[in-house]
Amino acid sequence: MTRKFLSFILLVALSVMACAQQPPAAPANKAQSAPPPVAPKTHLKIGDPAPDFTLSNTKGEKVKLSDFRGKKNVVLAFYVLAFTGG
Amino acid sequence: MQAYQSDIAKFDATETQVLGISVDSAPANARFAEDIKVTFPLLSDFKRTTVRDYGVFSEEGGYGTRATFVLDKDGIIRHIEQGRTAIDPSGAFQACSIFTKKS
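Which chain is which? The protein sequence lines are H and R, in order. All the letters of the first sequence, read from the start, carry residue numbers 1 to 86 under the working numbering. All the letters of the second sequence, read from the start, carry residue numbers 87 to 189 under the working numbering.
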């Protein structure tokens, strides 16, 4: 009888220990998640002259930034890979 | 890009040319333009020189990142947006309507 009682106590003690160890495990997993990707910061500042470029449009024609100088304001919208939205 | 397209009339009204730039090839951009029906030019920076000049190229990832630069008629940068807010054209539009009124 005493042995049975002792083993019961041991079982209870073990399950309490097992439960107590679970909570700290969860935050540890969270901390291991990957850091967010770092986007490069431009070195250009407001007031800087915009670097000129000549690039092909979708028809293969060359478009030169400085051709708009004195004629139009220009919004340059840099986007990440086509078909990704934005 | 769709957001810029839907606001294109506003940009036209302030004598502003919108240029989309990515490191995709010209044929890929052509498909993209067709799919989302843009009327402004999408330019291909396949050699990644312009994205580097503007500091919007991720050397690690090998791709350009989202950014918007607003230039005045003299080619001077008047407004810069980077990251998630660069998707929304309202900031860029506000910036160019403000300095268009000034000039």
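Simulated from the structure, these hints should not be mistaken for lab results. Do not take every clue at face value.
Here are the computed lysine to any residue pairs in the SDA-like style, where the Cα-Cα straight-line distance is at most 20 Å [as the list claims (entries may be wrong)]:
1) Lys64/H / Ala112/R
2) Lys96/R / Phe68/H
3) Lys64/H / Gly161/R
Hint by hint, here is what the structure shows:
Between the alpha carbons of Lys64/H and Ala112/R the distance comes to roughly 15 Å, so the proposed pair stays at or under 20 Å and holds. Taking the CA atoms of Lys96/R and Phe68/H, the gap is about 18 Å. The hint holds against a cut of 20 Å. Taken as a hint, the Lys64/H and Gly161/R pair is honoured in the structure, with Cα atoms around 12 Å apart against an allowance of 20 Å.
Of the numbered hints listed earlier, not one is contradicted by the structure.
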